[in-house]
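Q: The chain contents come next:
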Amino acid sequence: MNRITYTVAKKPRQFWGCISGAGGPQARLTRPPSLQERCVAALARVERTDFLSPLCIGEVVHASAEITYTSKHSVEVQVNVTSENILTGVTKLTNKATLWYVPLSLEDVDRVLEVPPVVYSRQEQEQEGRKRYEAQKLERMETKWRNGDIVQPVLNPEPNTVSYSQSSLIHLVGPSDCTLHGFVHGGVTMKLMDDVAGIVATRHCKTNVVTASVDAINFHDKIKKGFIITISGRMTFTSNKSMEIEVLVDANPVLTNTPKRYRAASAFFTYVSLSQEGRSLPVPQLVPETEDEKKRFEEGKGRYLQMKAKRQGKAEPQP
Amino acid sequence: MNRITYTVAKKPRQFWGCISGAGGPQARLTRPPSLQERCVAALARVERTDFLSPLCIGEVVHASAEITYTSKHSVEVQVNVTSENILTGVTKLTNKATLWYVPLSLEDVDRVLEVPPVVYSRQEQEQEGRKRYEAQKLERMETKWRNGDIVQPVLNPEPNTVSYSQSSLIHLVGPSDCTLHGFVHGGVTMKLMDDVAGIVATRHCKTNVVTASVDAINFHDKIKKGFIITISGRMTFTSNKSMEIEVLVDANPVLTNTPKRYRAASAFFTYVSLSQEGRSLPVPQLVPETEDEKKRFEEGKGRYLQMKAKRQGKAEPQP
Amino acid sequence: MNRITYTVAKKPRQFWGCISGAGGPQARLTRPPSLQERCVAALARVERTDFLSPLCIGEVVHASAEITYTSKHSVEVQVNVTSENILTGVTKLTNKATLWYVPLSLEDVDRVLEVPPVVYSRQEQEQEGRKRYEAQKLERMETKWRNGDIVQPVLNPEPNTVSYSQSSLIHLVGPSDCTLHGFVHGGVTMKLMDDVAGIVATRHCKTNVVTASVDAINFHDKIKKGFIITISGRMTFTSNKSMEIEVLVDANPVLTNTPKRYRAASAFFTYVSLSQEGRSLPVPQLVPETEDEKKRFEEGKGRYLQMKAKRQGKAEPQP
Numbered sequence: 001m002n003r004i005t006y007t008v009a010k011k012p013r014q015f016w017g018c019i020s021g022a023g024g025p026q027a028r029l030t031r032p033p034s035l036q037e038r039c040v041a042a043l044a045r046v047e048r049t050d051f052l053s054p055l056c057i058g059e060v061v062h063a064s065a066e067i068t069y070t071s072k073h074s075v076e077v078q079v080n081v082t083s084e085n086i087l088t089g090v091t092k093l094t095n096k097a098t099l100w101y102v103p104l105s106l107e108d109v110d111r112v113l114e115v116p117p118v119v120y121s122r123q124e125q126e127q128e129g130r131k132r133y134e135a136q137k138l139e140r141m142e143t144k145w146r147n148g149d150i151v152q153p154v155l156n157p158e159p160n161t162v163s164y165s166q167s168s169l170i171h172l173v174g175p176s177d178c179t180l181h182g183f184v185h186g187g188v189t190m191k192l193m194d195d196v197a198g199i200v201a202t203r204h205c206k207t208n209v210v211t212a213s214v215d216a217i218n219f220h221d222k223i224k225k226g227f228i229i230t231i232s233g234r235m236t237f238t239s240n241k242s243m244e245i246e247v248l249v250d251a252n253p254v255l256t257n258t259p260k261r262y263r264a265a266s267a268f269f270t271y272v273s274l275s276q277e278g279r280s281l282p283v284p285q286l287v288p289e290t291e292d293e294k295k296r297f298e299e300g301k302g303r304y305l306q307m308k309a310k311r312q313g314k315a316e317p318q319p
Numbered sequence: 320m321n322r323i324t325y326t327v328a329k330k331p332r333q334f335w336g337c338i339s340g341a342g343g344p345q346a347r348l349t350r351p352p353s354l355q356e357r358c359v360a361a362l363a364r365v366e367r368t369d370f371l372s373p374l375c376i377g378e379v380v381h382a383s384a385e386i387t388y389t390s391k392h393s394v395e396v397q398v399n400v401t402s403e404n405i406l407t408g409v410t411k412l413t414n415k416a417t418l419w420y421v422p423l424s425l426e427d428v429d430r431v432l433e434v435p436p437v438v439y440s441r442q443e444q445e446q447e448g449r450k451r452y453e454a455q456k457l458e459r460m461e462t463k464w465r466n467g468d469i470v471q472p473v474l475n476p477e478p479n480t481v482s483y484s485q486s487s488l489i490h491l492v493g494p495s496d497c498t499l500h501g502f503v504h505g506g507v508t509m510k511l512m513d514d515v516a517g518i519v520a521t522r523h524c525k526t527n528v529v530t531a532s533v534d535a536i537n538f539h540d541k542i543k544k545g546f547i548i549t550i551s552g553r554m555t556f557t558s559n560k561s562m563e564i565e566v567l568v569d570a571n572p573v574l575t576n577t578p579k580r581y582r583a584a585s586a587f588f589t590y591v592s593l594s595q596e597g598r599s600l601p602v603p604q605l606v607p608e609t610e611d612e613k614k615r616f617e618e619g620k621g622r623y624l625q626m627k628a629k630r631q632g633k634a635e636p637q638p
Numbered sequence: 639m640n641r642i643t644y645t646v647a648k649k650p651r652q653f654w655g656c657i658s659g660a661g662g663p664q665a666r667l668t669r670p671p672s673l674q675e676r677c678v679a680a681l682a683r684v685e686r687t688d689f690l691s692p693l694c695i696g697e698v699v700h701a702s703a704e705i706t707y708t709s710k711h712s713v714e715v716q717v718n719v720t721s722e723n724i725l726t727g728v729t730k731l732t733n734k735a736t737l738w739y740v741p742l743s744l745e746d747v748d749r750v751l752e753v754p755p756v757v758y759s760r761q762e763q764e765q766e767g768r769k770r771y772e773a774q775k776l777e778r779m780e781t782k783w784r785n786g787d788i789v790q791p792v793l794n795p796e797p798n799t800v801s802y803s804q805s806s807l808i809h810l811v812g813p814s815d816c817t818l819h820g821f822v823h824g825g826v827t828m829k830l831m832d833d834v835a836g837i838v839a840t841r842h843c844k845t846n847v848v849t850a851s852v853d854a855i856n857f858h859d860k861i862k863k864g865f866i867i868t869i870s871g872r873m874t875f876t877s878n879k880s881m882e883i884e885v886l887v888d889a890n891p892v893l894t895n896t897p898k899r900y901r902a903a904s905a906f907f908t909y910v911s912l913s914q915e916g917r918s919l920p921v922p923q924l925v926p927e928t929e930d931e932k933k934r935f936e937e938g939k940g941r942y943l944q945m946k947a948k949r950q951g952k953a954e955p956q957p
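Protein chains in written order, with this note's numbering: chain A, 1 to 319; chain B, 320 to 638; chain C, 639 to 957.
Just so you know, these hints were derived from the structure itself, not from any lab.
Hints are not guaranteed to be accurate.
[Said to hold, decoys possible] Straight-line Cα separation of at most 25 Å, SDA-like style, residue types lysine to any residue; simulated pairs:
id, chain 1, residue 1, chain 2, residue 2
1, B, Lys-525, B, Glu-596
2, A, Lys-191, B, Ile-376
3, C, Lys-829, B, Ser-495
4, A, Lys-308, A, Ala-212
5, A, Lys-241, A, Lys-224
6, C, Lys-862, A, Phe-183
7, A, Lys-225, B, Arg-430
8, B, Lys-579, C, Glu-675
9, C, Lys-730, B, Leu-511
10, A, Lys-224, B, Gly-545
11, C, Lys-829, A, Gly-89
12, C, Lys-862, A, Ser-64
13, C, Lys-898, C, Glu-915
14, A, Lys-295, A, Ala-309
15, B, Lys-456, B, Glu-596
16, A, Lys-225, B, Ser-495
17, C, Lys-862, A, Gly-89
18, A, Lys-222, B, Arg-430
19, A, Lys-137, A, Ser-242
20, B, Lys-544, A, Leu-172
21, C, Lys-860, C, Thr-896
22, C, Lys-862, A, Pro-175
23, A, Lys-191, C, Pro-813
24, C, Lys-933, C, Lys-948
25, B, Lys-510, C, Ile-695
Pulled out of the complex, with its shape left as it was, chain A reads as follows:
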């Protein structure tokens, strides 16, 4: 769960006159891609984010951001968040995040505008960026197919089962949840997702839990003021010391004439359980019951092993 306190950007990098005010992973970007047409930047995706160290009350947060790649219709923004204890002067990297924005026309928010190309200082930057762009595009499409599913309540579930800890939250999108143009802030959705994931994790292991990382969050569709959103979380996998929780966000445009519930966002959160002294504790093992739960458990295990291999690969680089 988030512990954001106080936002200060000491040395904000201004790139191209573009501004990206950032508060933890809740970065916002609003920029006109050209002088001809006003636009709003819609958050489309947040890449996998690791929470390296917690933010504490009273600390000053520094967030800096820069554009690292542009495709025809999207902008990649890299955000770095550091925390500073202003009494001791100690500074720590809190997290790094990569966000993808899509510019929408303010006259017609269903129309995506073209992004003026960024100028790279090195040739390879463009190639590396294009690789990242293609990879996330593929992943986005995969998630979209996975999205039929809904979390259903179960009566009298057994401890350690998926049903036992699954939780849902209902939220009416009010004016203060929204940007200037009446769409819900990406950061509001992300906070609610983290809230639900935290409840699921606490219910499962009855201890103090913290977010260790968030898998890529895909925003499949816009959510508008007045919509009802249902944020559901269910545990998918446990390793010895971590829990993976899938969070689904469904939106219901209740006030429109033809309300039709749709999947607006989804992500996997990884939580760890901490002792009073802040050391990580073993986690009760999840007991998948249905075929679907067993399938999701195996998929979660796959993601876990892949991340573990990646981390070890980084720690001991191959020749």
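Mind docking chains B and C on chain A? Use the hints.
A: Just chains B and C now, with coordinates in the frame of chain A:
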């Protein structure tokens, strides 16, 4: 005073596709009564509500709601709020509340729309509902007559008098106090009313005080964005261990061309005084001075004795 | 930094049907100068404000306000803020503030309306008011000339230099920061200014710091919803036991077709450093490096000595 912390609906009952997001007694309901015309549901009345157990920080709140009766122009909604300590798994009923909503046309908010009739599972449900509907209608009209009165400041009042503890709060209704349609949230008004009642009770007995119950709250008229509201509280009655405080809400449409102050809502709050250990303390006796104060004291005594009899009647049901 | 908690006006003086809801120094005034045209009152200036005693959590705040002078196009409002500990009944004067408002037409916010003249109870009140009006008008113009300057980051600054503690905060003006008419609340800007000043002071002396006073704050120009504001603070002067911090607010209308950054507000904050027991501590001496820093240090010293002389003049009135 409210201690609401965290809102989660685990198993929200969806009735007719109507949604009632609820946060403590601040339930909201927005539903289209027919597909032909969009509407907003205005909170008209909250029935007497007992606060059975406090909500503590970190607990998860479950609020569920269902429609229990419909008249031609109003909807009765029953809300149940339970709190769950997710570390221990202990669940407690926090309160039950009955709310009446009236659907207003979004094209013309002064026009009340017709409510499509609810389908009852048992015949008696409709009859019981109609009784509740008639009873509250009568009570609403009575309160309206009582509403001329204004709380006036008194210089150098004596301790334990009504003047000594009476308090007023002035609030400009801002955008974040309002629903999507620019009317103040019922929950915002109720919180301010409870705030004032809490100040009156604290001034009277100089101890830690908590809300024990709230009498029916009638919302006589809508309050819009930009209006100034004055929330006044005065003690009306004390028993050995409880205080009754009348709270009046007056609205002033300052920005309109013909501002005319009107009574927007009123209710009686019952507070108790608690020791450090949470046990209820005796309360200093109120000293009514004027004829009006003495009359209100007797009326308060009547309500107190009636509620006491009702509670005892429930505890020891007659043959 | 502000410690505002709870706002209650027990005996609000209503003057002319004008209402000024006040929350600490964040007073707001909205009044129609005539029945013919609706207007919004824009905060133009806050006179020097001393923080006489802190507000503590749980205390009740009483704010009262009255109009003390009117020029053709502006209104002077005097606000008194007292805090009351409702358990002990002890009341303290927290601060007094003088605010200048300018009425703008709601049909065209760039048009300043005429203010209907106030009726004075004594003849001298008008003359004294006119003196205050002329004095602040002169000072406003002087500040406007001083306003070219921008705070630039410096790499690896030495402790106790201006560069070492200087800080900037970037904020996107969202809907909840604004009044009903889409302009940022004066109180929101003032809070952000105090936040930055507090960070600068903490970085400089690594202790618990509190605001002792705020020099006149001039609001040079309106800030609208959707603008980006940059709030920068730099230390200008230190005496043995106090620090003066200059705070500059720059606004950038990013979403307009011709965004042009402008100075929206500026002020000098005086902070003191406190020990755990709340006693004032000596402050590390500021080391000005550049010519500009040395010039600002001397100007700050001038303001400090002038205020000191004024306070001593008040303490020992001359014959």
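Q: Against this structure, judge whether each hint is valid.
A: Hints versus structure:
A hinted pair counts as satisfied when its Cα atoms are at most 25 Å apart, and B/Lys-525 with B/Glu-596 qualifies at roughly 16 Å. Distance hint between A/Lys-191 and B/Ile-376 is fulfilled; the C-alpha atoms sit about 18 Å from each other, no more than 25 Å. Proximity of C/Lys-829 to B/Ser-495 is assessed by CA-CA distance (about 18 Å); at most 25 Å being required, the pair is judged to hold. Annotation: proposed proximity of A/Lys-308 to A/Ala-212 holds, straight-line Cα distance about 13 Å (limit 25 Å).
At most 25 Å may separate the alpha-carbon atoms for a hinted pair to count; A/Lys-241 and A/Lys-224 exceed this at roughly 38 Å. Distance check on the hinted pair: C/Lys-862 and A/Phe-183 sit about 19 Å apart at the alpha-carbon level, within 25 Å; holds. About 24 Å separates the Cα atoms of A/Lys-225 and B/Arg-430, which keeps this hinted pair within 25 Å; it holds. With a CA separation close to 17 Å, the supplied pair B/Lys-579 and C/Glu-675 stays within the 25 Å bound.
Proposed proximity of C/Lys-730 and B/Leu-511 is supported: the alpha carbons are some 24 Å apart, at most 25 Å. With a C-alpha separation of about 24 Å, the suggested pair A/Lys-224 and B/Gly-545 falls inside the 25 Å cut-off, and the hint holds. For the given pair, C/Lys-829 sits about 24 Å from A/Gly-89 by alpha-carbon distance, which is consistent with the 25 Å threshold. Between C/Lys-862 and A/Ser-64, the direct Cα distance comes to roughly 24 Å. Compliance with the 25 Å bound is thereby established for this hinted pair.
The suggested pairing of C/Lys-898 with C/Glu-915 is violated, with an alpha-carbon distance near 47 Å, which exceeds 25 Å. For the hint linking A/Lys-295 to A/Ala-309, the alpha-carbon distance of about 21 Å falls within 25 Å, and the restraint holds. Restraint check: the Cα-Cα separation between B/Lys-456 and B/Glu-596 comes to about 42 Å, which exceeds 25 Å; the hinted pair is violated. This hinted pair checks out: A/Lys-225 and B/Ser-495 have alpha carbons roughly 13 Å apart, not beyond 25 Å.
Between C/Lys-862 and A/Gly-89 the CA atoms are separated by roughly 35 Å; this puts the pair beyond 25 Å, and the hint is violated. Of the pairs offered as hints, the one joining A/Lys-222 and B/Arg-430 is violated, with about 32 Å between alpha carbons and a cut-off of 25 Å exceeded. The hinted pair formed by A/Lys-137 and A/Ser-242 fails the criterion: a straight-line CA distance of about 28 Å is larger than 25 Å. At roughly 19 Å between alpha-carbon atoms, B/Lys-544 and A/Leu-172 fall within 25 Å of each other, so this suggested pair holds.
Our distance criterion of 25 Å between C-alpha atoms is met by C/Lys-860 and C/Thr-896, whose separation comes to about 16 Å. Restraint check for C/Lys-862 and A/Pro-175: satisfied, since their Cα atoms lie roughly 17 Å apart, inside the 25 Å limit. At most 25 Å may separate the alpha-carbon atoms for a hinted pair to count; A/Lys-191 and C/Pro-813 meet this at roughly 19 Å. Distance hint between C/Lys-933 and C/Lys-948 is fulfilled; the C-alpha atoms sit about 23 Å from each other, no more than 25 Å.
Under the criterion of a C-alpha separation no larger than 25 Å, the hint pairing B/Lys-510 with C/Ile-695 is consistent with the structure, at around 18 Å.
The structure fails to meet hints 5, 13, 15, 17, 18, 19 from the earlier list, while all remaining hints are met.
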